[in-house]
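Using the sequences plus the hints, can you model the full thing?
Residues per chain are reported as follows:
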Amino acid sequence: MSGQSLHPPLVGAPLLPPMAPPSGIRPSPATWIRKNLFSTPFSGVLTICFTVLAAWLLHQFVSFAVLDAVWAGGQEQCRANPEGACWPFIVEKFDYLRYGAYPVSERWRVDLTLAIGAVLIAWLLWKRAPRRNVAALLFFVAYPVVAFVLLRGVASLDLPVIDTVLWGGLLITLLMSIVGIVFSLPLGVLLALGRRSELPFVRAVCVIFIEVVRGVPFITVLFMANFMMPLFVPDYLTPDRLLRPLIAIALFSSAYMAEVVRAGLQAIPKGQYEAAKALGVSYFTMMRLIILPQALTIVIPGIVSTFIGLFKDTTLVAIVGIADFLRAVETARVDPNWAGPTISSTGYLFAGLVYWIFCFGMSRYSQSMERALARGHKS
Amino acid sequence: MTRMNLTNNEACATLVLHKKIRGTKMQAILKGLVGAAVGLVVSNASAATIENVRKNGVLTCGTNSATAGFSLPDNEGKWTGFVVDYCRAVAAAVLGDAQKVRFIPLTPKDRFTALQSGEIDILAHNATWTSSRDTSLGILFAGTYFYDGQGFMVRKAENVGSAKDLDGASICVTQGTTTELNLADYFRSHSMTFSTVGFADEEAVVKAYDEGRCDVLSADTSTLNASRQRMAKADDSIVLPELISKEPLGPAVRQGDDHWLNVAKWTLLVMVAAEELGVTQQNVDEMKSSDNPNIRRLLGAEGSLGKDLGLGDTWSVDVIKQVGNYGEVFDRNIGKASPLKMERGLNALWSEGGLQYAPPIR
Amino acid sequence: MSDVLLAAPSRRSLSLHDAKVRGIIYQLLLAASLLALAVGIAVQTASNMRARGIPLSFGFWNEAAGFDINQTLIPYDTLSTYGQAFWVGVVNTLYVSLLGIVLATILGFVVGIARLSPNWIVSKVAASYVEIIRNIPLLLQLLFWYNAVLKALPAPRASIELPGGIYLNNRGLIIPEIQLYAGAGTVGLAFLAASIFCVAFWFYARRAQNRTGKQLPGLWVSLAALIGLPLAVFLLVGSPVSFVTPELKGFNYRGGHQLYPEFAALLIGLSVYTASFIAEIVRSGIQAVPKGQTEAAHALGLAPGKTLRLVIVPQALRIIIPPLTSQYLNLTKNSSLAVFIGYPDLVQVFAGTVLNQTGAAVQVMAITLSVYLAISLVMSMAMNAFNQRFAIVER
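Residue numbers (UniProt numbering), protein chains in the order written: chain U, 1 to 379; chain S, 1 to 362; chain V, 1 to 395.
Don't read these hints as lab results, they were simulated from the structure.
A couple of the hints might just be wrong.
Chain U is faced by these chain S residues, among others (derived, beta-carbon under 7 angstroms) [to be verified]:
1) Asn-75
2) Arg-102
3) Ser-117
4) Glu-203
5) Gln-229
6) Ala-232
What follows is a list of derived Cβ distance ranges for each label pair [stated by the list, open to error]:
7) Glu-51/S x Ala-42/V: 41 to 49 angstroms
8) Ile-166/V x Gly-44/U: 34 to 42 angstroms
9) Leu-125/U x Leu-226/V: 56 to 64 angstroms
10) Tyr-95/V x Val-66/U: 36 to 44 angstroms
11) Cys-49/U x Gln-287/V: 18 to 26 angstroms
12) Phe-360/U x Ala-385/V: 33 to 41 angstroms
13) Leu-125/U x Leu-56/V: 50 to 58 angstroms
14) Arg-34/U x Leu-180/V: 53 to 61 angstroms
15) Leu-243/U x Leu-180/V: 52 to 60 angstroms
16) Gly-278/S x Leu-353/U: 38 to 46 angstroms
No experiment lies behind these values; they were computed from the predicted model shown.
Glycine included, C-beta positions come from ideal geometry on N, C-alpha and C.
Put into structure tokens, the structure is as follows:
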């Protein structure tokens, strides 16, 4: 965008260096305040009210979480302090919150799995990283297998099998979200294509699936998946208790994803389809190389917000007795040994921070993608 | 909305190509679906539970999610408690190993659904045996492991001496329990009003009472006592003297599997019989060579109880050796050797003034 | 499809090489396998249910429920039937959802417009609200609100007394009950008459404005009619209303209407959470209105408030309404999280206690899901109809 890329210079001489902006245009702080905070009397009143409100909220937060909080010590110090957070509680419960009841001697496997996942995700998301397609392949194909082997264990590899009822805490939350994210996007694309198919029955099936799933509360689906499923299908078709909510969450978000993808497909000009067909490109090649790359790019914000919704929805598995992160916080906070005036608030604050960091991180990344793509269009 | 209709303005050739590719894929999906559907129809509706347990090598047992003394997981996921030990006894009987149990924590409202659907093999919950549960839920109770009654817990500061003074109270209860129903009966028959605050989760109920949302916490007295362990200010509350109901708590199994019902029933009865006959975890091996024919039959040295139940000859020894007799299990988890320190009361043997009584083993 | 037929060769062969024929065959196969799957599940379920003695009928509907529900908008007591318990659940779900929708819409529009405010601090506070609230799971927020609401309030004996016989404690907000006497109906009729007058006046005022260009003071006339007429009648018939003030008797306040903490927490949680999404929808909707519209309005001399109300918002609504509909549906579905904090909504009462008592899991879940689907359907239809009013009239 810095002028030189647009046209080749007419003359061989180099361009003049850019001039500094005239000094009068950069506003002084006083001008800025007048313009942005006190432009009208009403605006001034609002400024004062909102400053007071923001300052009060910030003060409440900081004094609870930092200034008045108990940082060292144990149960007694926390019981004696009704004002601030009780961080020793979180420190003691930290392992439980991360792993649930996963056996202590095997927890390195969880750490390793998450570390590999983190490296792959960083590789995938870092825009200037080399060979991102390899990362994608590893993450979407190899990683699920590795994660399964590591987490569940294979006796022949000297990794004892850990029953999924023992899994818990942040492990479950991350597992649910990653599995949901990996499967909901392809399923959503298939459903969206099915909904736009010209075979009326295929279309009807997809529409009914999408609309029914979007019309019912997730917890009722979870309830049926985990407490009623053996009633509907024979034993040998009933998957593991942890797997069922995973499938449920992937199917559930795929319906939402389908609607996001459909919006993207609708936004692609008809000419793109027609041009592809005129060139004799087959349906799948057309979708893979022409339509979907464009359609998915347009709806990146929608896809990411579906991911964020999925991440937040993992909290609902608590209804079927699976100990995800929030459920672990709930269990920890009712521990009578730690009964204290601020234990609940501390637990919720910590949980809130953890969820917020993940979700906010995702939404920031999608915004930066959006900006990068918008730049790409302009130049 | 610019909905596109691909069929329009389209050359036929492309259409053919497009459908061909989609078709092969759909064929694969179709094959899978048809296979699944046929499998569904042909499959046998109810396989014998005991065979499933043996095949899986593990007993899936539904228990309370967290009731101190009855069923409580620690931070490492190890379950302890009175009903937990019953599950372990069944696992010892069927699989010969009391550790081969998979515990599924269930809220009271979900427990019968999980059992009737087949999600769990046996329900060992603080569930009350009632006629309607036996007849209309598709489940059967296999006995009574704890005789209990519903009571009320109030704060001392309220100065309430009797349940008859509870007019107008807000009462915290767990959803899907007999507690909910008994309250309605009790307050109606005493012409009092009340208002319930119900939660699915027992922990939430106790927490709500503890934080002052209700005046009264009502549950089986065993649960009330266990709840004290979860309260910040347990000493501020008392349990009122009245018991307003009979609450025989017992294990339950699905209907239509008599064999499994027998296993569940006799595992419990063998534990009671062992206490009656003085067979304990320590002396069970010596007792095998006892002269008492009742003991010999109990431990499989004589008679054919094990074979008739489809279990091994050593099943009762496994149960007693790995888990203990009824009295030992009681004392260890909720009785005098536990923090709860409950009296045996109605749960003493019949010979000591209680109700626990095992039919003859012969 | 007609285009394809025209384009295709006129001689139609019924061979497998015909794409149309193959399409039909594939669809038939798909239909058959789905049907087989459905039949298979139905057969399996029925045989399982029969083998295990689970009730297959809806006979429980008219049996006595025998449990208490603390918050009911329709008559219910412990002798009522399961069917009545179902309706209590439905009404409670609709009640909290509709109130939540109203509150979330108001809050969401305010925050969304505030995010675009030229005032730096206002827009930053609004942005922080959105970024914090929408990135934290709703369940966590509900648990927080429930605990925050309960913790902050005193026990009944130490109730906070508000003017007008209103009490606030950890059992809820207790307000005086209105008791009506003979003549109260007349006041109601007067209000109805005033409402009809208002609508008529509004039509008249519009027509008058179209004709003469003069604006009539519609708001003031309406307010005067809506308040004045019923008030006059009220005084004429001699105040046929009395208030029953709640009294502390025994454990709790007797008499009066009660707003329970569970309801308050659910309502606050749902509204605050959904408002953060609505705010984003409103912001992007307003930003999508071309800037020239604002400039033109300003050039015509419209004040900023009027520009927003008469020029920007009506155009933005067209973009806002479809995503707004799905937020409304989300709010309604999210109200089922009531089970976690003990508010007796449909899932808590019907898919919870009733299912447990009757054991009719399949029937109860089928009914519950149908109710949610019906609510979605009705709400989508209503919003679509509303949207059509705002759609651009193409010439």
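### Task
May I ask which of the numbered hints given earlier this structure violates, with the numbers listed in increasing order?
Structure breaks hints 7 and 16.
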